[in-house]
Every structure is written in structure tokens, then in C-alpha cells.
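K.L.:
So the mapping is simple: my numbering equals the position in the sequence shown, first residue as 1, plus 853.
What the hints contain is simulated information worked out from the structure, not anything from laboratory work. One should not assume that every hint holds.
Claimed, not checked - Think about it this way: if two alpha-carbon atoms lie no more than 25 Å apart in a straight line, the pair counts; the simulated SDA-like pairs of lysine to any residue are:
| # | residue 1 | residue 2 |
| --- | --- | --- |
| 1 | K1115 | W998 |
| 2 | K923 | K1123 |
| 3 | K883 | G1140 |
| 4 | K1123 | G1140 |
Unchecked claim - Cβ pair distances, simulated, as ranges:
| # | residue 1 | residue 2 | range |
| --- | --- | --- | --- |
| 5 | N1239 | R956 | 48 to 58 Å |
| 6 | K1103 | E874 | 39 to 49 Å |
| 7 | N1273 | P937 | 42 to 52 Å |
| 8 | K1227 | H945 | 47 to 57 Å |
| 9 | D1135 | E922 | 53 to 63 Å |
| 10 | H945 | R1179 | 33 to 43 Å |
| 11 | Q1265 | W894 | 29 to 39 Å |
| 12 | W1219 | Q1062 | 31 to 41 Å |
| 13 | S1124 | Q1062 | 36 to 46 Å |
Glycine is no exception: its CB is placed at the ideal position from the N, C-alpha and C atoms.
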Amino acid sequence: MKIKEIYKTMSYGPAPETASEAIHFLDSYKRNFKLFIDGQWKAAHSKKSFDSINPSNKEKLAILSEANEKDVDAAVQAAKKALPKWAALTAHQRARYLYAIARQIQKHSRLFAVLESMDNGKPIRETRDIDIPLVARHFYHHAGWAQLRDSQLKDYQEIGVIGQIIPWNFPLLMLSWKIAPALAMGNTVVLKPAEFTSLTALLFAHICQQIGLPKGVVNIITGAGTTGAALVNHKDVNKIAFTGSTEVGKIIRRAIAGTGKKLSLELGGKSPFIVFEDADLDSVVEGVVDAIWFNQGQVCCAGSRLLVQESVAEKLYKKLRARMERLRVGNALDKCIDVGAIVAKVQVNTIDHLVQKGIEEGNTLWQPSWSCPKDGYYYPPTLFTNVSPSSTIAQEEIFGPVLAAMTFRTHQEAVKLANN
854 MKIKEIYKTM SYGPAPETAS EAIHFLDSYK RNFKLFIDGQ WKAAHSKKSF DSINPSNKEK
914 LAILSEANEK DVDAAVQAAK KALPKWAALT AHQRARYLYA IARQIQKHSR LFAVLESMDN
974 GKPIRETRDI DIPLVARHFY HHAGWAQLRD SQLKDYQEIG VIGQIIPWNF PLLMLSWKIA
1034 PALAMGNTVV LKPAEFTSLT ALLFAHICQQ IGLPKGVVNI ITGAGTTGAA LVNHKDVNKI
1094 AFTGSTEVGK IIRRAIAGTG KKLSLELGGK SPFIVFEDAD LDSVVEGVVD AIWFNQGQVC
1154 CAGSRLLVQE SVAEKLYKKL RARMERLRVG NALDKCIDVG AIVAKVQVNT IDHLVQKGIE
1214 EGNTLWQPSW SCPKDGYYYP PTLFTNVSPS STIAQEEIFG PVLAAMTFRT HQEAVKLANN
């Protein structure tokens, strides 16, 4: 590219983050991971395995073990055995372990960030600057609450063994949301990460060993839906904490009904982004970019529905299309990209199916003129306008970089559409 062309386009060259430290970690386990149960790495009874794939380039990162019912039972029994001693520790003793975890996450923050981006496909800028710092902060925060438990929550009793199932959109951050408060309050855990993004959970298990966390307090089992179902249905699990799709959340709720188990669910969404005619449209555009194309739109609270007052709709759409044309899609380890890869081929297919449904239902599609890279699982930022409120793309969670825009005339109509 000539200098004049660079000035005209203001395009950036690639600025890749090195993957050497993450590769060294994977190689130290010969890229073949067992299950982390009772403080040790144990082979799966199932003798089955599956691959962890880098969505940016489709390369195999590692082989993971698939836990079956026997493996789940071993993990639950380890957590149950560890519970009395862990719960009996003083508040300060438990807090010390949480502080140690937080410090190790900070110490190895670059490794966690790179491994997360390689495994998930999200831009390194997001994992490095947002996800991993928040993970450390969560453990520091709950370490503080662990210290305060006896004075501030005098009648509190630990729940027991917590079965935790997390999604693939914020792998390590979701782990911290689940594990940190559970440990702080004296519980033990069995956690199943998403099958697409298990590597940072396994790295977390590695640092649990390094800090000397008592055996059985944290157990990490990998696998797909059958592994999660075995955890949900285990008789010695006292609570299930699940983050994921609304459909699976309903299945879990039905499965544990009448068992006495406690349950917390964090499920999907279809959040509205409302723009009135007196808004600063340039600021709106940047807000929309963050709302729907952050993390490739794979966020349960993504602003996936754009509600625009009719008088400024076309003006906003024009600005938005111009901004979309300049978004950069590419390898997650490139520090200059805006949008990374979709987590897996199956998710790309799901997104594309819903986009085709949107076209069939008469909504107006717009995508940038450029093409996505061909060497990974990518999907272009997509805008639908003239969307009917009853359209599939306005009602169903797409969980991808797709924005459905519709107009309103009055405040009352905007509220009605937002709540539809």
C-alpha cells in the first residue's frame, strides 16, 4: 500500500501479540489435559476426549478429557469431603487463599489474556484490558467479604457443594463470578466450563495447585451437555449455578424441581438501545458499536435491538453504516482489530441461519463491503433496518454481531417496543 493510500484509508498494519507464553503452558501439559479432581489431574473414566480449537485460525490447541457420570461423582465426592475443613477455617484463613489466587491471576495476567483470546476468539485488547483485570478484582473483592463474613453475616451457613456451569463468551470472568463468592462463604465447588473454552479454567486449576489450595475445594471437569446434566442431577450437589441460554436454563429448572437444591440462573437477553431525536448521533454510533459488536455480540445483555426515533433514523443509519465500514475483523491476537472470531463453526451457522431468516421475513440487510478472513470462524458486523417488532431477529437472541433496528414516534411507543 502506498503512503497516500495509507493516509486516505488510515488503515493499520497488524500488531500481533506473542503467543509464546500460552504455547509454553499448553506444551507443559503436552497439550493433553486431564480432569482436575481432588487437587490432582486425573484421567477420565470415559476415556473420551475432544479438541479445543482456536476459532481465529481453526488450529487445534489441545485435547481435553470428557467427564462422564463416574468422573462427575468423583469430583462431587472430593468437594463433599473437603467441605467440613474448608467451612471450618476462619474468615481470615479463607481470605488468604482468595488473595493468593488474585495475586497469581495478576502475576500471570498476560498468559491468561492470550490463552483466553486464543481459545475464545475475542480481541486481545478486551481480554487484556477488561476481562482479566476484572477477574483479579472479583477475587480481591470476595476475599474482603470472606474476612467480613463472621462479623457482617453472623447467622450465615455455607450451602455446601456448589455445581457450577459457565458459558463460553466470558470464560474466566464467569468462572470468577461463580467460584470467588462460593469459596469466600465456605462452600466447595465443582465447575464445568463450556466445551469450546475450557483452557483458562484449566490454567486456573493449575494456579490453585500452585498456591496450595486444599484438595477438593475446587474441582474442574470438562465436557459437553451430558457432563453438565450429570452435575445437575447429582444427589450430593446442594446448589446449581448456571449461566447460559434460556432454553437450557428451563431444562435445569425442571430437572431440579422438588429436589431441594438451590438454583441461580443467569440467562439470555434481547436488550433495547433507545435513541431519541435530541441525542448526539456521533456519540450514539460509538455507543452502538460498544453495545452490539463488543465481544462479537456474544453478550447476553448486548444492545441487539436499536430503537430510533423516526425523525433521525435515516441520518443515524448513514453514520452507523460509515462506522461499520471501518470496523476491523481479524485474528484475536492482533491488537489493532475491533471484532474477533466467533467461538465455533456451529455458532457461525446459528447466526447465519437467523440472518437468512431475517432476510426471508422482509427486513433490510446491510453489511460492510469488505470480506471477513477465510482462515477462521468470522461473521461480518450486520445491520437490519425496517425491522418488524414481531420479526424473528427482533424476538430471538442471535448471540452474534447482528443489530436489528426499528423506529418509533413517541416516548410511549419506544417503551412499548422495548418491553416487547
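K.L.:
Against each hint, give a clear statement of whether it holds in the structure.
P.N.:
Cross-check of the supplied hints:
1. K1115 / W998: holds (21 Å)
2. K923 / K1123: Violated, at roughly 38 Å.
3. K883 / G1140: violated (43 Å)
4. K1123 / G1140: holds (16 Å)
5. N1239 / R956: 48 to 58 Å: At roughly 53 Å between Cβ atoms, R956 and N1239 fall inside 48 to 58 Å, so the hint holds.
6. K1103 / E874: 39 to 49 Å: This hint holds: roughly 41 Å between Cβ atoms.
7. N1273 / P937: 42 to 52 Å: At 50 Å between Cβs, range holds.
8. K1227 / H945: 47 to 57 Å: Roughly 55 Å apart at Cβ, these two residues keep to the hinted range, so it holds.
9. D1135 / E922: 53 to 63 Å: At roughly 56 Å between Cβ atoms, E922 and D1135 fall inside 53 to 63 Å, so the hint holds.
10. H945 / R1179: 33 to 43 Å: violated (52 Å)
11. Q1265 / W894: 29 to 39 Å: violated (59 Å)
12. W1219 / Q1062: 31 to 41 Å: violated (50 Å)
13. S1124 / Q1062: 36 to 46 Å: Given range 36 to 46 Å: holds, Cβ gap about 39 Å.
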